[in-house]
Structure formats: C-alpha cells, structure tokens
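One-letter residues, chain by chain:
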Amino acid sequence: MIKRILIANRGEIASRIIRTCKRLGITSIAVYSEADKEAPFVKAADEAYLLGASQVNESYMNMDKIFDVAKKVAADAIHPGYGFFSENAVFRQRCEKEGIRFIGPKSEVIQQMGDKINARNAMIAANVPVVPGTEKAITDVEQAVEFAKEIGYPIMLKAAAGGGGIGMQVVREEEELRKVFTSNSERALNFFGNGSMFLERKIENAHHIEIQILADEYGNAVHLFDRECSIQRRNQKVIEEAPSPFISEKTRKKMGETGVQAAKAISYTNAGTIEFLVDEEENYYFLEMNTRIQVEHPVTEEITGIDMIEMQIRIANGEELPFKQEEIKRNGHAIETRIYAEDPVRFFPSPGTITSVNLPEGKGIRHDIAFTENYQVTPFYDPMIGKLIVKGETRKEAVERLEQALANYRIDGIKTNLPMLEKSVAVPQFKQGNTTTNFVDNYYIPLIQKS
Amino acid sequence: MEKIVASMAGNVWKIVKNEGDVVSSGEDVVILESMKMEIPIPAEADGVIKELKVAEGDFVNEGDEIAIIE
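The listed protein sequences correspond, in order, to chains A and B.
Here the first sequence is numbered in the UniProt record's numbering, starting from 1 and rising by one per residue.
Here the second sequence is numbered in the UniProt record's numbering, starting from 1 and rising by one per residue.
Worth flagging that the hints you see were computed from the coordinates, not collected in a lab.
Given the structure is predicted, the values throughout are model-derived calculations rather than measurements.
Every residue, glycine too, gets a C-beta built ideally from N, C-alpha and C.
Be careful, since some hints might not be right.
In silico DSSO-like cross-links for lysine-lysine, where the CA-CA straight-line distance does not exceed 27 Å [said to hold, decoys possible]: (1) K36/B / K202/A; (2) K3/B / K37/A; (3) K179/A / K14/B; (4) K179/A / K250/A; (5) K415/A / K17/B; (6) K36/B / K65/A; (7) K50/B / K415/A; (8) K43/A / K36/B.
Chain A stretches covered by chain B per the calculated footprint, using a threshold of three residues with CB under 8 Å from any CB of chain B [to be verified]: (9) 335-349; (10) 381-390.
To give an idea of the interface, some chain B residues facing chain A are shown, with a C-beta separation under 7 Å as derived from the structure [to be verified]: (11) A9; (12) G10; (13) S34; (14) M35; (15) K36; (16) M37.
So that you can see chain B by itself, here it is in the shape it has in the complex (with noise of 0.2 Å):
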C-alpha cells in the first residue's frame, strides 16, 4: 500500500485516475492548481487506485493524503 500526498498546497482541478483504475509509477494521478500553475502528482509505485480521497475543487494543503494505491 502507498500513499500520494500533495507536494504543494493547491485546489484539485482534475481528476485523471479513479478508483479502480490501474497505475503506472510516474503516471499522473491528480493535477493540482496553486498559484495559477498545473501541478501533476504522479503515483510513486504501479498498483490500483483503492482510494480516492479528494475530489475536484477540493483544497489540499501539503501533505495532505490524495489517494492510496494498492
């Protein structure tokens, strides 16, 4: 199991991965909006998305937990 935290805090602007859904390391989960820029957190191991835990226009401070892999 791991963890994806925000790297910054930010809002979600778009989802890209849902739960269920299957990852590669690298590939981009969510894509955050801080300070009018697009920050793309990728997952950090391939698994499947088991939870989801922001949904878009949510605000996320750094750190918070974005999604757990499987």
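Chain A on its own, in the form it takes in the complex (with noise of 0.2 Å):
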C-alpha cells in the first residue's frame, strides 16, 4: 500500500498532489529548492525537505538528491508531476531499483514514447493514423530536402527527442529548408542531447485535440473523452477545453477508441495522453504521446467527476480501474486557462514579485495555483504560475462564467497574460469554439497590433 509519497516537483501540481493526498490519507512529502522555501506547496505538504540551490540541477533535476531524500524519508512512491523528471526512463528505472514506486508508466514506453520516431513507428504499427513524414531519423540536410520532396510543401520540422516546441519550425520552401535545418538541428542538441530531426506534412487549420487515457496493470484501458487544446502561443497551450467544440459525437467517439487501441498496443500502464492534429475534415493523425499527467488534466477532471491523481496512485499502487469504458459519463463542458508571468505582447517572461491578487470566486469557479500575495516568481523555473478553471451546464455558460472570472482575476506586481486571456475569449471564433492552432496569429496578435 502506498502510504507516504513524496512529490518530485513544485508549483501549482504539487499542491494539486498533496490535495488529494490528504483527502486519501496519504502523507505528502514535498522537496524544494532555495527559491521555494516560503512557497505554499511546501507549506501544504506534511513534510518538506529541501533539496539545494535554485538552478535545477541542483534541485529538481538532481536525481540523486531526490532519491537520497527519498530514502532517509521512506518514502514508498514517487509522483514526479508533469516536466521535470516525469518522462525520465533513467528516473523511473532508479525507482525500481530504489524499491520506490513510480507513479507513471514503465520506464520501456515512456522511453519509446519519449523518441518521436520510435513513437510514430509504434502507433503505425498500432493501426493509429500519423501525419504523413519520415520513418527515419535525419541529420543532414540533403536527406532533409529529398524527404520535403515526396512529402511535399509546407511540412513542420521537429526534433526527434523534441518537447516544449524547441527545435520545431514551420518550413514552407527548400530554400528556407537549407537555411533552418542546421540551427534547428544544432538547438535539439543543445537541449535534449539529440540533434537527429524529423519532418512531417504541416495540417493547415488544424485543432490540436488529445485523449485522455487511464490504464491498470491488468490490461484494462479506458479513455476520459478529449480535450480541445488550439488555442497555444510558442507552440504552447494556452487554453484548453473539454469536450472539443469542433468534433462531432461520431468523430468523438471513434478519437476515443483509437486512443484506447494505442494505449493497449504499447501496454501503457497509469494515466496519459495522446495528442491528435485534426483537419478541416475531421480527420485525425496521432501527433504526440505524453506519459505523465498533463497540465490541463483538471477540465477532464470536472466533466466526469473522476479525480486524475488518486487514480495514478490507484494505477501505481496495483489496483484494478474501478470502471469500465461504458460507466464513464461526461457532464457539462469545462475550460481551463493558463495563467503565465509573461508579457502579454511578446510573451517574454515576467519574474518579480506579486504585490497583490485578488482571485474571482463564484460558481464553477476552480483555481489551481502556485501563488499567494507576496510571492516571488523567480527566473528559474517555467513562467506558469496557476491555471483558472470554469464549469458550467453548456460551453455558453461555460465561456460566459470565464469571461466574469477573467473580468474580476487581477495580479500585480508582475506583468501576466491576464490581459491576453480576456481578449483571446472575447474573440468571436472563441466564442463559436472555432479554435484552431492559428488563433493566437489569427485574431490575437492583430488585435494588439490594432490597439
């Protein structure tokens, strides 16, 4: 039984973690950097143990200061939260060693699903359909241009090992090919320790929306319905919704069932997520798996009344899934938005310290958030600071109750995308949940530039 975990991570998922922890029984564990020391994860947790100084090799990406905490403490599983050490197979495979659970998949998928060939390779072996590209991984830029060509014009180029949008570009020519391969490839290096790319055919107009899996160890697999994720700035969500307004029930369902046959054929075990382009014409290509719990896990959450974290420890702790497919309901729709310490025009990052907060409250009004008044957004870790999240009966109800919320949500004393997120749901193409991957080009960016 697992009885105390400890929480490698910080912020806003932490606390979500010791949450339900404590509505559990379960003792919560944090560990924190030098820059966490007064945040409220680490007054939350049940125990806090610090881990070193603020850069995160010395903190959360230090493996063996966690594991060294994680033993003098006993603790007897880890939920590494989502970035950081979440899709680690090197990670996951101390914890076996350590005799610590992992809250996660096994350490073989999570390294199959972490490679983007590997992955694309599996899912068409799977029977799951992927965006037109390259089978192989490419390092120089003659091999580049010859696959552009039978692929054809505009393709995205990616980094094998990519995460967080780095090393990914639109290419709409050869010539801008030859220019970008190189930089791009040398940038994968630099951050993942891989320059090996890949291209695809870019989907023009496309909806990024994912499906949402749980799996236990005994086989049985389940989706939690979708998740429409367009609405992103630096090939990063931005707001996120549940159920996509864009898909029809049929499209829905079908989405759901193909992510279930994904999840089975690679054996997942615990929570994860996989991510689809879909076209004009409501055809959908596997894009990405994700093997940890997402950031947007909570509009999930507050259709189907299932909480996500207990049921990883669920997973992890050698428990069957508690339903089957047909005992999963959905109610209402539910909208999330990422609340980041940003400028709201460049999207350069904002650190500093919060002065003021004033948090809207009301009905069908949730807040999972890494911050208090006078709390310091340092420069070491990444700019979300919170996420606000709305229910309502329908997307209208939902949209309005986060157009009042966002209306009544202040922060001061660093700049915030705030003022972003109330433009951004008061476009009109938000409002009709016509959201496709180009909105914040769109109607955003000529928004600003107009004022």
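Build the complex from these two chains, which are given one at a time in their own frames, with help from the hints.
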C-alpha cells in the first residue's frame, strides 16, 4: 500500500497532488529548492525537505538528491508531476532499483514514446493514423531536402527528442529548409543531447485535440474523452477545454476508441494522453503521446467527476480500474486558462514579486495555483504560475463564467498574460468554438497590433 | 563605449560573441535562459567587444553588465 508519496515537483502541480494525498490519508512529502522555501506547496505538504540551490540541476533535476531524500524519509512512492523527471526513463528505472513505486508508466514505454520517431512507428504498427512524414531520423540537410520533396511543402521540421516546441518550425519551401535545418538541429542537440530531426506534412488549419487515457496493470484501458487545446503561443497551450467544441459525436467516439487501441498496443499503464491533429474534415492524426499527468487534466476531472491524481495513485498501487468504459459519463463543459508570468504582447517571461492578488470566486470556478500575495516568481522555472478552471452546464455558460472570472482576476507586481486571456475569450471565433492552432496569430496578434 | 546589460534575470546559456569580435547593432551577444526560454541579448551599437563580463552558466540579475562594446 502506498502511504508516503514524495512529490518530485513544485508549484501548482505539487499543491494539486498534495490535495489528493490529504483526501486519501496519504502522507505528502515535498522537496524544494532555495527559491521555493516560502512556496505554498512547501507549507501545504505534511513534510518538506530542502534539496539545494535554486538552479534545477541542484534541485528538481538532481536525481541523486531526490533519491537521497526519498530513502532517508522512507517514501514508498514518487509522483513526478509534469516536466522535470516525469518522462525520464532513467529516473523511472532508478525508482525500481531503490524499491520505490513510480506513479506513471513503465520505463520502456516512456522511452519509446519519448522518441518521436519510435512513437510514430509504434502508432503505425497499432493502426493509428499518423501525419505523413519520415520514418527515420534525419541528420543532414540534403536528406531533409529529399524527404521534403516526397512529403510536399509546407512541412513541420521537428526534433526527434523534442518537447516544448524547441527545434520545431514550419517550413514552406526548400530554400527555407536549407536555411533553418542546421540551426534547429543544433538547438535540439543543445537542449536534448540529440540533434536528430524528422519531417511531417504541415496540417493546415489544424485543431489540437487529445484523448485522456487511464490503464491499469491488468490490461484494462479506458479513455476519459477529449480535450481541445488549439489555442497556443510559442507552441505551448494557453486555453484548453473539454469536450472539444469542434468534433462531432461520431468523431469523438472514434478518437476515444483509437486512443484506447493505441494504449493497449503499447501495453500502457497509468495516466497518459494521446495528442492528435485534426483537420477541417475531422481526419485525425497521431501527434505524440505524453506519458504523465497533463497540465490541463482539470478540465477532464470537471466533466467526468474523476480525480485523476487518485487514479494514478491507485493504478501505481496495483489496483484495478474501478470503472468500465460505459460507466464513465461526462457532464457539462469545462475550460482552463493557464496563467503565465509573462508579457502579454511579446510573450517574454516576467519574473518578480506578486504584490497583491484578487481571485474571482463563484459557482463553477476552480483555482489550481502556485502563488499567494507576496509570492516571488523567480527566473529559475517555468513561467506558468497557475490555472483558472471554469465549468458550466453548457459551453455557453462556461464561456460566460470565464469572461466574468477573468474580468475580476487581478495579479499585481508582475506582468501576466491575463490581458491576453481576456482579449482571446472575447474573440467571436472563440465564442463559436472555432479555435485552430492559428488562433493566436490570426485573431489575438492583429487585435493587439491595432491597439 | 557602450554597456550591454541583462534585460531580465536568468542564466547565461550561450556566449555568441567573444572578446575582440566585431558586432553590429541588433546582433546577439549572449543568450540568457530565463523561465525555460531563450532570451537573446543584442548589442545596441556597432563596435568591438572590449570586455565580456559573464561566462556560460553564470547567473545574472536584471540590469547586470554583460559586456562592454567599444
């Protein structure tokens, strides 16, 4: 039985995991850096231990230090959250070696899905549609030019080991490909230690829609429906909702089934997300699989009533899924907006001290946040400092609640993207539920350029 | 003589220009990494890098001197 969970993460997700631990009567153990000494998640945890200096290699990305604490305090499981070690196969193996349960999938599947080319090939083998593209890693520009001719422009140039949009770029013609291939490959090598690239056809006017999966260790797998995450800036999500307002019920059902089929084909366990690109005709193509809890999991929790962190813990504990597919019902509509400490115009990060806060309250409003008044947003970590989640009986009601909540949301002392969120949700295309991955470029940027 | 200062706090991720290099206004001198994002720090004048005050891996605060251009 899992009784003591060490949370190898920080910020809002650490607080979120602690919340479920408390409800389940599990001891929550936080680890933190110098910069996070005063952070709310450190205070909320039952126990908290300092890892070291603020830089991630001295703290949240220092495997030895994390395991030193885990062993010293006799943690029986580690929840990795998202980012940091959550999709790190070596960390997962270390857990096994130390006899500590890892709340997530097996290392083989983390490794397989972490390499974008292997992931693509595994999906092809599982009869899951993928975006037309290269089947092997490309390391030189001539090879890339050859493949691009076969696939046809425009193409997406991507890093095989990629994530967070690093090394990724739309390329519209050969000359451009020749220009950018090497620099993107070098960037990928710098960030991921792997400069391999691959090419995919660019799907125009695409929607980013993903399927949430839960799978236990006994071969049972279910989906918890879909999330639409099309509104992004710098290839990172900003607004997510469930269910997708774009796809038909028929497509929704088919995509859910495809997700389960994919999870079963790779013997997936625990919570995972299969991301798809969906074109204007509702054809969908596998994009990547995230082998961890997602930032946007709350919208799924809101429409299904299922605590995803609890499910992750139960699965890691060796329990069977407590429901069958047909028993999972959805109800209403939920939308999440990510709150970033960043300039709302240039999307540059904006560290500093939050001097005062006003959080909107009311029916259907949920806050998953990392901050309080006088909280210091440091330059060491991701600029996402929290999430506002709203729920309504209908999408219209959810959108109205979101507009109202954003109008009353205030964070002083640092720049945040709150003005961007307010402007974005007022755009007619958002109200109509017509949000493609071009939303920010097509509607938000022109809006701020005008003013 | 022109000072180049950090526009925000962060780690020096990459030195693009070294001492003695010729730079033109707008060209990146170093790249900082802050909140998981690359922040290029460009020269604001043409000249030669007279002194580089940071090394890769250093942490700088907003307003710290990064280089001097002559």
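(request) Take a quick look at whether K36/B and K65/A sit within 27 Å of each other, Cα to Cα. (result) 22 Å, holds
(request) Answer holds if the nearest beta-carbon of chain A is closer than 7 Å to that of M35/B; otherwise answer violated. (result) OK, holds: M35/B within 7 Å of chain A, min 4 Å.
(request) Assess, step by step, whether the Cα of K179/A is no farther than 27 Å from the Cα of K250/A, and give holds or violated. (result) 43 Å, violated
(message) What's the verdict on K179/A and K14/B, does the C-alpha distance respect the 27 Å limit or exceed it?
(response) Holds. K179/A to K14/B sits at ~21 Å (cutoff 27 Å).
(message) For K415/A and K17/B, compute the direct alpha-carbon distance and say whether it is at most 27 Å.
(response) It is violated: about 31 Å lies between the C-alpha atoms, which goes past 27 Å.
(message) Just to be careful, I want the Cα atoms of K36/B and K202/A compared with a cutoff of 27 Å; is the pair within it?
(response) 26 Å, holds
(message) Please check whether K36/B passes as an interface residue: C-beta within 7 Å of a C-beta belonging to chain A.
(response) 5 Å, holds
(message) Check whether the Cα positions of K3/B and K37/A lie no farther apart than 27 Å.
(response) Status violated; Cα separation ~34 Å.
(message) Count the residues of the segment 335-349 of chain A whose Cβ falls closer than 8 Å to any Cβ of chain B, and tell me whether that reaches three.
(response) holds (count 4)
(message) The hint names M37/B as touching chain A; please verify it with the least Cβ-Cβ distance against 7 Å.
(response) 6 Å, holds
(request) Decide if the proposed pair is consistent with the structure: K43/A and K36/B, CA atoms, cutoff 27 Å inclusive. (result) Distance of about 25 Å is within 27 Å: holds.
(request) Hold the hint about A9/B up to the distance rule: shortest CB distance to chain A must be less than 7 Å. (result) Holds - the Cβ of A9/B comes within 7 Å of chain A, reaching about 4 Å at its closest.
Hint check: violations occur at hints 2, 4, 5, 7; the rest are consistent with the structure.
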